[in-house]
Every structure is written in structure tokens, then in C-alpha cells.
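Using the sequences and the hints given, assemble the complete structure.
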Amino acid sequence: MRVICSFVCLLILAAPLWAQDSATPIPVVVVNAATTPTPLSAVAVALPSSFYLEGVGMVWQDLNRCSAAALTIQLSYFSEFTGDYAGVMKRLNPNIEDVSVRLEEMAAIAETYGLKGVVRRGGTIDLIKQVVVAGFPILIENAYYDGAGGFKDWMSHNRVVIGYDDAEGVFIAKDSLLGNGDDKRGIHLKYQDVDDRWRDFNRDYLILYRPSQEAALQAVLGPQWDMTYNAEWVLQQADADVAAGKKDSFTTYNRAWALLQLGRNDEAAAAFDQAQATGLPWRFFWYDFSVFEAYLKVGRYDDAMALVQRTIANTKGVEEMYYYAALIYLAQGNTERAKGNLEAALFRNQYFAEAQAKLDALNGVTTTTTGG
0 MRVICSFVCL
10 LILAAPLWAQ
20 DSATPIPVVV
30 VNAATTPTPL
40 SAVAVALPSS
50 FYLEGVGMVW
60 QDLNRCSAAA
70 LTIQLSYFSE
80 FTGDYAGVMK
90 RLNPNIEDVS
100 VRLEEMAAIA
110 ETYGLKGVVR
120 RGGTIDLIKQ
130 VVVAGFPILI
140 ENAYYDGAGG
150 FKDWMSHNRV
160 VIGYDDAEGV
170 FIAKDSLLGN
180 GDDKRGIHLK
190 YQDVDDRWRD
200 FNRDYLILYR
210 PSQEAALQAV
220 LGPQWDMTYN
230 AEWVLQQADA
240 DVAAGKKDSF
250 TTYNRAWALL
260 QLGRNDEAAA
270 AFDQAQATGL
280 PWRFFWYDFS
290 VFEAYLKVGR
300 YDDAMALVQR
310 TIANTKGVEE
320 MYYYAALIYL
330 AQGNTERAKG
340 NLEAALFRNQ
350 YFAEAQAKLD
360 ALNGVTTTTT
370 GG
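Quick note on numbering that gives the first Met the number 0: the sequence shown kicks off at 0 and runs consecutively.
Keep in mind that the hints were calculated from the coordinates and are not lab data. Even glycine gets a Cβ: it sits at the ideal position worked out from N, Cα and C. Take the hints with a grain of salt, since some may be wrong.
[Unchecked claim] What follows is a set of in silico ranges between Cβ atoms, one per label pair, in the way DEER data are often shown: (1) E342 - K189: 26 to 34 Å; (2) D165 - I95: 23 to 31 Å; (3) A239 - E213: 25 to 33 Å.
[Said to hold, decoys possible] Cross-link-like lysine-lysine pairs, in silico, DSBU-like; alpha carbons within 30 Å at most: (4) K189 - K246; (5) K115 - K89; (6) K89 - K296; (7) K189 - K245; (8) K246 - K183; (9) K296 - K245; (10) K338 - K246.
Right, dumping it as C-alpha cells:
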């Protein structure tokens, strides 16, 4: 699982230099939301040197609400979306202390508007281009930081890519914090800067689409549509990052995630240990919970609980911590404490589908869930 959220203040007056957009207009190929997506087989051979998707709106985020803003931006491309930022934010962040949102939660919101969403990891610069050329805005998670301490320390931030220009070597993105560009068509972000900041989050991405577009999107993603292939790809990508000299906590964690998805649980747990020993940012476990899954699978309940408690100590706003505390208690046979923690998770997020399903099961309640 991945989680997304920006703890960035809209009152920051100056954007970092890497996020500045170019004022130079670029020639573009334009499509809109009504365009039928083009299969990868047609676009991968000769992508245009520049591309831009019209019809994507702009939203400025509230404090610590980049996930809702980015999702609203992405949803605005589709006529099926009849809501607004306030409504999306209320659903994604029902508790004022909420500091993170999973991509899977975003996909579930899209389903309430008759859309579908696919979440994958191991994205590439070329993949972003192919997805955009096919007619889909793509939401990605980047690290934001502009110095140590407070709002400027390392954190997650979401943006929606809607175009690119090879001549400048930039993506064009709608960014709820850094702006819409002087021309109101999006900010310009250097390819390498995006990838460097994307790697911190295993290069995850969310693509929304109409059900009628599923076959076309599968053609765009090719074998990445398959979850096992995607995990194998991420493992190879992490190994390639190590070979390129990027052997740090993020790459090690990405590798651990892939091992976990492939069922190599002991190896995954050891790699998660190594990532923590190398040094992860203090906010890291606001956003990703794979380590808890691994520790549970190999029976390391005390280690999992220690990490839960450490995360809660620096913020109480991550509802997933109470969910994993519940799973730990369940594994240890303490049903009552498990229920209490599931109730705490649902108090913080009433739409937390996994927590609700688990609590219902413990209480003998039969429910039908549609995600959350």
C-alpha cells in the first residue's frame, strides 16, 4: 500500500527553483477527455516531441490537503465528475488531523463517479509520456522539501502530469501548491527532478479511466497491468537503481516492497530492516505501510508494534496505525484490544473500508463494501 499526502503549507511564498515553470510557449499536440485513448502499440514507436492534454482544471490546496486537491484536478478531466474540491476533501480527509491518503483511497473515490482507477509502482519517464499521449492525466507522488524543519522538511506531495516537452526536457503538471504556470497551462518540471523525487515513493502512480476505456488502458500499460509482473519490474528497477549508485534507504525500501508482493516475506522483512537502518525520513510511515505487512507475515509482532507506537508518537493522524495495531493484537489473540483499535481507526476515518470490514467480521456482521 501506498499513501499520499502533502504536509505543505499554502502560505509558503517562494517555490523552490526546481519547480519553476518556463514562460516559453511550446508547440503541442492537443487531445481532450472525449478522445479515445491510443494503445501503446501505436504511441510507443514514435511519441510526439511535445504533448498537452486540454480540459484539466486547477485547484489550490488547503493546508495538508494536496491529495484531495490533486485528485480533484485529475477528476476534473472527466465529465462524470460532478463534485468539487470540498466534497472530495471531506471524503478523503474526514478528520482534521489526517495527514495521509492512499492512492487506493483515491481510486475508490473515483468509483463513486462511475470511473475506475489503476494504481501501480515502478513508473518511468517514458511511461508517463505514453499514458498522457493516450489521453489520460496521471497522478504521481513526489517528495517535497525545501530545507529542514516544519513544513519544509521531507514530505509527500501529489501532482497531476498533463503534458511534456522533450526540447525543454520537462513535464507539464497541475500542482495544487506550486501553481498553474504563468500561462495557466501548468508548471514545468525537469524529467530528472521528477524521477529523483518520485523514487522516494517507489515511483507510484494513479490513472483514472472510464470502464469503457479499460481495454485501451491495458494496452497502454501492457504487462504492467499484471500485479505480479509489476512487482517483478519494481524489483528489477530497484536493482538497476543500486547499480546506478542509488543504494539508499528509498531504493532498499522499494526493493523490499517488491519482495513482499512476490511472497518472499523473510527477504522483504530483512530489506525493510536495512532501509530503516540506513535512515528513512521521520514522516515516511505516514505514507507507506508495507513494512507492517511484512512483519506481520513473519510473526515479528513486537517490532511491528514498536514502529506503530513510534509513528503515533509523532502524529496521531495516521488512521492506518490503529488498523495495524489491531492486526497485531489479533495475531496475538487479543480480540478486544483489536476491536478497540479498529474503532479508533474508524473514528479517524469513517470511510476506512478495510478497518470496517475487519471490525464487522469480528462482530459477526455481514456487510457489502464498495471500497473507501
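Here's how the hints hold up against the structure:
1. E342 - K189: 26 to 34 Å: Violated, since E342 and K189 (Cβ atoms, about 46 Å apart) do not stay within the stated range.
2. D165 - I95: 23 to 31 Å: Taking Cβ atoms as reference, D165 and I95 lie about 43 Å apart, which means the hint is violated.
3. A239 - E213: 25 to 33 Å: holds (30 Å)
4. K189 - K246: holds (22 Å)
5. K115 - K89: holds (20 Å)
6. K89 - K296: violated (34 Å)
7. K189 - K245: holds (19 Å)
8. K246 - K183: violated (38 Å)
9. K296 - K245: holds (28 Å)
10. K338 - K246: Distance of about 40 Å is beyond 30 Å: violated.
Going through the hint list in order, the structure does not satisfy hints 1, 2, 6, 8 and 10.
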